[in-house]
Every structure is written in C-alpha cells, then in structure tokens.
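Q: This is what each chain is made of:
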Amino acid sequence: MKKRAHFILSGCLALVFIYAGFIKIMGTSSFYEDVRAYHLLPDEWAWIWAHFLPWLEIVTGSALLATPARLASSLILSLLLLLFTSALLSAWIRGFNIECGCLGEGGSPSNYTWYLSRDAVMLLVSLYLFRSAFTQRATAPSSPNL
Amino acid sequence: MVWQRQIKYTFILVAISAIPALAQLFYCGFFPPVDIPFGIRVEEAQKLQTPIVWVDARPEDAFQRAHITGALNLNQTNWDQALPRLFEAYAPGRSIIVYCSPDCSESEEIASRIRNLGFDQVLVLEGGYDAWKEANPNL
Chain A
1 MKKRAHFILS
11 GCLALVFIYA
21 GFIKIMGTSS
31 FYEDVRAYHL
41 LPDEWAWIWA
51 HFLPWLEIVT
61 GSALLATPAR
71 LASSLILSLL
81 LLLFTSALLS
91 AWIRGFNIEC
101 GCLGEGGSPS
111 NYTWYLSRDA
121 VMLLVSLYLF
131 RSAFTQRATA
141 PSSPNL
Chain B
1 MVWQRQIKYT
11 FILVAISAIP
21 ALAQLFYCGF
31 FPPVDIPFGI
41 RVEEAQKLQT
51 PIVWVDARPE
61 DAFQRAHITG
71 ALNLNQTNWD
81 QALPRLFEAY
91 APGRSIIVYC
101 SPDCSESEEI
111 ASRIRNLGFD
121 QVLVLEGGYD
131 AWKEANPNL
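Protein chains in written order, with my numbering: chain A, 1 to 146; chain B, 1 to 139.
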C-alpha cells in the first residue's frame, strides 16, 4: 500500500515537473519575461536561468522515476520548490502583480494563494519522497541501487 | 559512501540539464535581447504622420475616469480579454503608443509584451497620461 502511494506520488510529481519544463521550453522568451518580472535577478542571469531551469525540471523529474537517483532528484526538487515559494512570497510582499511562470498559465492576475498552496503541496510531497528514499537507504546501507 | 554517491548523482543531474541549456543558449545567444524603451514625448507623438493606436496600461478605474480619446485599456490584469481589441484596432503602418501614470512602469512592460507579439512600431509615452493632459487640457 505504502509502496503504491509512493509510486503514485513520484509519478505525479515527476509528470508535473516534466510538463512544466516542456511548457517553458516551448515559450522560453515568455518565461524569461516572467522571471524578469520577479525583479530578483539581473537580466543576464534571468536569461540563463530561463534556459537552464526547464531542462533541470525535465531531467530531475525524469530521474525521480529512476530508483538510483531518487534521493538526489527529490532533494533537488525540494530545493527548487523552496526557491519557487520564496520567490513568490517575495513578489507578493513587494506587491507585484506578476505571472507565476510556473506551469505556463498566463494573462490572469497573480493568484498568490493558489500558487503558494500548490507549491506547498508539491513541497510536502517531494519532502516525503526525500525522507522515504533517505530512510530506505539508511535501513539498507549495503544495497547500492535502492 | 551513500552520500558520496548521491552528491555525485546531484552533480550529474545538474550537468545533464546544463548540456541542452548551453546548446540552446549557444543557438539563441548568451545575452538577453536588448529591450529598447522606445520612448516618445507628447509633442513628438502629436507630430507623428502615422495613425496612432493608443493603449492605456493603467488600471480600469483610472481608465474609466479619463483617457486619451480612442485609447483602449490593456494592462497585465485584462491582457487576455483586451488583446483581441488591439488586433482589431491595429493595421499595418500604424504606431502603437502605450501610456500609464507618470510614475509607473506598466507601460514599458505592456509595450514589451506587445513587441514580443511581433508588432514593430510600439512606443511608450514619456510622462504618461499626465503629460498628455497637461499638453491637451481641453481633450
């Protein structure tokens, strides 16, 4: 039962990140504008980030489905989600009306409550996956491919 | 040992992501496209020979109170709903001039978004609506 829940959660989170990555690659210029709107990075770094993040999401999302790299990928995803949540909170506090740039939705005014709740749920899932991968390794230290 | 392997995996995942990203940057350029503000003063706007499509990037309530005659209200909030009206109002050879309040940056952001749609003659009114009102108190 636990294994099945684990499998479903990994699959869902991986799909969300792979989808988010593809959407951003399809509209890199638009995603660059979204990153700029946060006013957290200089334009040059926002440009590089807008090209790097989608691939990181796809690669890490895919790696979440591969057992040997599950711990590393769930750690990266947790860190990314923490980063997204902090960026959204900072934009909200500064009163920006921006597009999230998360899953390709555009045009609507910032719905920070929805964005943050969604990120919080995904963060909880990725932390759960990280913890369970970590526990699996701790209980079976001799097995390299758990 | 386990942690060493996981750190290695983390670096590998980041490196694998960096390869296509670098290829994409190599193709698109390592620096972002320069976003020229294309500012225009009121007196210059009034002398323009080409017909103008005015875009008011202020919030709807400010637009309802007063706006340049013929302007359409297009801002970040109503972008999806109002964008078709811009396509209707635009014709080749027309200039699009975006304005907002004097101290806001919305007009530059909207002008940038409109330019990204492929419109080439997109300008930002310097001084915004207040500058226009000052120069044209009777309009």
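No lab work stands behind these hints: they were computed from the structure.
Here the structure is a predicted model, which is why all the values come from computation and not from measurement.
Idealized CB from N, CA, C, for every residue including glycine.
It cannot be assumed that every hint is accurate.
Said to hold, decoys possible - Restraint ranges, calculated between C-beta atoms of paired labels, are given here:
1) B:F31 with A:N97: 36 to 42 Å
2) A:C12 with B:D103: 20 to 26 Å
3) B:G39 with A:C12: 46 to 52 Å
4) B:A18 with A:L82: 33 to 39 Å
5) A:C12 with B:E126: 31 to 37 Å
6) A:T28 with B:K47: 24 to 30 Å
7) A:F7 with B:G39: 29 to 35 Å
8) A:C12 with B:P33: 35 to 41 Å
9) B:G118 with A:L89: 51 to 57 Å
Q: Run every hint past the structure and note whether it holds.
A: Quick rundown of the hints versus the structure:
no. : hint                          : result
1   : B:F31 with A:N97: 36 to 42 Å  : violated (28 Å)
2   : A:C12 with B:D103: 20 to 26 Å : violated (45 Å)
3   : B:G39 with A:C12: 46 to 52 Å  : holds (48 Å)
4   : B:A18 with A:L82: 33 to 39 Å  : violated (21 Å)
5   : A:C12 with B:E126: 31 to 37 Å : violated (50 Å)
6   : A:T28 with B:K47: 24 to 30 Å  : violated (38 Å)
7   : A:F7 with B:G39: 29 to 35 Å   : violated (56 Å)
8   : A:C12 with B:P33: 35 to 41 Å  : holds (36 Å)
9   : B:G118 with A:L89: 51 to 57 Å : violated (35 Å)
The structure is inconsistent with the numbered hints 1, 2, 4, 5, 6, 7 and 9, although it conforms to all the rest.
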